[in-house]
Amino acid sequence: MKLETYDILILGAGHAGSEAAHIAASFNLRVGLLTLPDVPIASAPCNPSIGGVGKGQVVREIDALGGIMGKIADLSGIQYRTLNESKGAALQSTRVQIDKDIYAKKMEEELQKVKNLSIIRAKVKKIHRIESEYLIETEAWSYRTKRLIVTTGTFLNGVLHCGSEVAEGGRIGADPTDGLSQIFEGIQILETRFKTGTPPRINKDSINFQKLEIQPSDDLVNNFHWNHYSSKNDRNLLQVPCYLTYTNKDTLSIVRENKEKSPMYNGQIRATGARYCPSLEDKAYRYVDKNIHHVFLEPEGLELNTYYPSGISTSLPKEIQQKFVRTISGLEDAIIEQYGYAVEYDVVDTTQLDFTLQMRNLPGLYFAGQVNGTSGYEEAAGQGFIAGANAALSLLEKDPLILSRHDSYIGVMIEDLVTEKRDEPYRLFSARCENRLMMREDNSFTRMYSYRKKMELNDQIDHYHESRRIEVEILQNLIDVKTSAGDTLRIGEVLKQPTLDPVVELQKFLEAADLNFRMDVVREVAISQKYAGYIAKANVDHARSNSKTNLKISAINLEKILKSNNISFECKQRISQYRPQTFEQLQKIPGLRPVTVAVIAAERI
Amino acid sequence: MDFNELPNFDLRHTIFALITPPGTSAVAVVRISGKRANFYSLCAYIPKLPDCLNHPRKSLLVDFFKNNSIILDNVLAVYFPSPASFTGEDVLEISFHGNMLIVEQALAMLSCIENFRHALPGEFSFRAFRNGKMDLLELERLSIRLNAKSETMLDFASRLNKVDLNEILMTLRINSMRHRAAIEMLIDFSEDVDEEHTFLEICSTWNNLYHALSKLFRHNTIGKSWFIPQIVLFGQTNAGKSTLFNLLLQEKRSIVSSIPGTTRDYVSQTVNFEGETFELIDTAGIRDSQDIIEQEGMDRSRKLLEDSFFKILVMPPDSKNQDFEGRKFDLLLESFSKETVINEKIGRFNKDSGFEELSFVFKLAKRKLKDAFSGGEEVYLAQKFKNILESLKPYCHTYDSYIKNKYDIAILDQEFRSIETLLQKISADYEVNEVMNYIFSNFCIGK
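So the protein lines, in turn, are chains L and Z.
Counted the way the working numbering counts, the first sequence spans residues 31 to 635.
Counted the way the working numbering counts, the second sequence spans residues 25 to 471.
Bear in mind the hints are in silico, worked out from the structure with no lab data behind them.
It should be emphasised that the depicted structure is a prediction, and the values quoted were computed from it without experimental measurement.
Beta carbons are placed, not taken as given, at the ideal position from N, Cα and C, and that holds for glycine.
Interface residues of chain L toward chain Z, partial, derived using beta-carbon atoms under 10 angstroms:
1) G82
2) N114
3) K117
4) L121
5) R305
6) R466
7) S598
Model the full assembly from the supplied sequences, consistent with the hints where possible.
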């Protein structure tokens with residue numbers, strides 16, 4: 031059997047795998063991206079959009095770290111929207127509808143351009159651990175690699191359900207893969223399997239658009255990728271609208287009448303789905319009084335002839351899907367191109383991972399993306415980036431890249447993943463962040479500056495980081511200077527007025543002074559100023575809670591804790607299960623007796 | 025002791041103290057609290073200690089040695105293993121014979137052991153609190169039990185109803201969590217749930233919380249001065265306060281003279297009247313004075329007056345019945361009048377009044393005490409709660425106006441965090457996941 035060797039090999043070329051491969055290769059290492067022959071790279075099997083509340087922040091963090099999701103989203107973006115637009119500048123997020131074919135195509139092109147990166151199309155048969163390295167067997171070739179990143183999404187032991195039809199596989203039209211435990215011994219998976227679902231796709235020509243509410247693209251939204259920023263927000267593709275319609279009593283009655291045919295409710299599916307992403311069955315049976323639910327009709331692409339009806343994911347039998355879809359206004363004559371289905375899959379126990387997403391008891395093995403029990407392309411890409419960068423950094427014997435939960439959404443996600451066991455698919459909400467006025471989209475470059483710098487790469491983006499940082503500093507100093515003659519109020523105070531839009535005010539001020547700054551810099555400085563008081567307070571609270579124990583962020587000695595006579599057996603069990611690395615993480619372990627925390631604090635162990 | 029600011033007690037040490045009153049008695053009990061492993065150092069003094077440690081909760085008669093050959097005392101030792109002990113730690117209680125010479129020697133010997141030290145005031149309770157052995161209310165109750173100087177207070181301590189307060193705190197917690205859920209919903213799920221509806225949810229959940237808090241704002245606290253209720257005599261200089269003080273004590277303790285400003289600081293004396301203990305305080309008279317010491321005395325008088333339980337305004341006969349310096353009083357006494365005619369609030373005395381004639385003063389104070397503690401469904405708050413509630417007031421007021429003016433949700437979110445932080449000091453914390461659970465189980469979220 032032919033053998034090839036790599037420094038880093040990535041298993042699966044979805045959103046996590048692509049991002050991992052891209053960043054790992056930029057460290058000048060030999061990287062291989064192994065993916066199934068019949069699956070497009072970075073495909074979007076669910077809703078055709080990138081971003082959203084919390085998720086938009088992740089995309090911009092990835093972009094500021096040097097990742098590619100934002101760039102590809104721009105290249106394939108066919109509609110831009112700002113969410114939470116009416117709720118003040120701090121909590122706004124970007125979402126882009128993508129052309130899913132173009133997204134996959136552009137991603138493949140981009141990855142092919144990357145030096146040192148080879149894309150391999152094959153199905154894995156077996157993985158062996160040999161000394162500190164991994165050997166991956168496929169039909170024709172074997173690959174030996176020093177670091178292995180597993181980003182297999184829903185493909186591990188995936189089972190598809192559509193009514194009573196059951197098939198093996200991670201996705202419609204793709205070959206099934208064996209379970210992780212079959213191809214790889216010694217990996218702990220969660221006892222509960224997870225479930226996700228997708229709605230039927232509707233033929234574009236069968237939709238009566240006349241009856242639908244239209245949602246046009248927003249020209250004012252800033253592109254995701256820093257190199258695409260422009261004052262006019264130029265787009266790469268034609269912008270098209272989304273449409274909005276609603277379910278009604280008839281729709282829900284059909285679903286309710288057929289409860290026994292729903293795999294989710296007749297016992298055919300046992301896995302746990304996410305409550306924030308309910309299927310139409312969930313909505314029908316859980317909220318029995320509610321018949322009107324949003325249905326967003328999102329184009330899947332410019333050339334593609336299908337629309338994605340967001341809000342009606344289902345695994346009911348095909349004829350019932352057809353029946354209920356046609357009760358919806360505008361969809362009376364709808365033709366379904368692909369029926370909705372649910373998929374059940376295995377999930378890795380992420381409490382076995384460390385903060386670089388490396389398996390603790392199997393060094394050199396990383397996990398990222400949906401296989402870790404997260405949902406969403408953005409969450410997957412964020413983990414992919416962290417796993418890819420850290421696999422490379424560890425090979426180069428450099429310090430790991432660990433993002434803090436106090437300045438990044440990615441940091442929040444990784445900490446949540448490795449310190450808590452999942453009982454449903456994980457999605458980022460802004461509510462999970464303690465410091466969300468600071469963790470905004472507009473300041474992602476400022477927030478990611480030191481992290482990017484830590485990787486010691488020298489790329490175009492690093493120059494951009496430096497020049498942008500200086501511009502932010504200059505403008506920040508400028509707003510502390512008194513405004514022009516006659517004005518008693520300093521511009522810094524004007525920006526804090528609750529009723530004024532700080533960006534507009536700062537722009538006016540700069541125009542009057544005939545000063546020219548990059549729009550994204552103006553935006554960041556204006557918004558930072560508006561919420562400065564609150565951000566400072568949050569920082570003080572954070573610092574105070576740290577100083578209370580003086581060891582909140584300091585490392586703890588797990589071995590010593592587990593040997594201590596003063597900690598109960600149960601608490602030790604919990605601690606060894608979560609394996610916290612700092613005192614703060616230890617405090618978050620559910621069910622830990624306060625006295626245990628106090629003892630550890632007092633004994634400085 | 026303020027459990028809000030955790031004192032710098034070192035939890036690593038084994039602490040000990042005499043827990044019975046000092047002085048000669050039948051027994052004197054020394055409590056030692058820490059970790060069992062460290063108790064073995066005591067074997068030098070109590071060779072049979074391992075027997076005690078191996079027989080928890082059993083009283084054993086053992087010898088306590090002064091050195092190798094001389095026995096200091098034979099003592100009863102009982103070992104209470106963690107967590108079923110007063111402090112929640114491993115506890116050893118040793119009953120000596122109640123002679124202070126023995127006890128003092130024993131304490132000195134204990135402090136020679138490495139990492140053993142004398143407990144600071146309140147430290148046993150602190151450890152108990154820290155180890156979850158008692159909540160703040162129980163601690164308060166304990167404190168009242170230990171410090172009560174009157175039957176009324178003792179009675180009150182046992183009535184201090186834990187359930188009532190818990191219910192109130194649970195209400196606060198639930199309303200606060202619901203309000204948090206509404207805020208999160210508006211931020212994270214604005215596409216899923218109708219915005220207007222969500223804003224109404226924000227308003228109504230806040231109103232519920234604010235209502236519950238406002239009710240609490242009105243509740244009374246158990247002031248420190250209530251353990252020994254203070255009866256304070258105040259009034260302008262030379263009004264006859266000291267004369268009254270001496271009459272009430274039936275002895276000449278305060279220096280009485282006709283020179284204004286004779287009582288420069290205050291003088292106090294504990295009085296027991298029909299089962300109730302009061303502290304009777306004679307204050308410096310209030311008047312304009314350049315004398316620094318006298319001014320200091322007047323400042324103290326003012327402070328005392330604010331904290332005191334029962335206030336008696338003493339007035340010379342020729343002055344009008346008026347509210348002295350705008351202060352409230354419980355009883356007004358006109359001095360040097362011939363008769364001692366009394367109604368509810370006004371009385372008279374002269375320097376020949378006998379104790380029997382004047383005992384109505386104590387009777388009124390006692391009645392006030394009984395009334396204060398018998399107030400039906402009234403919930404009394406520990407001082408700590410009251411302090412937190414006081415600091416909550418301005419935040420709530422501002423926040424309420426922000427909500428009414430529909431401020432930026434980012435600002436509302438941050439402002440509410442300040443309220444949550446304070447609330448979490450008195451009621452249990454909630455986590456993001458609980459908020460999320462609440463949202464997902466009560467609102468249809470998700471596309």
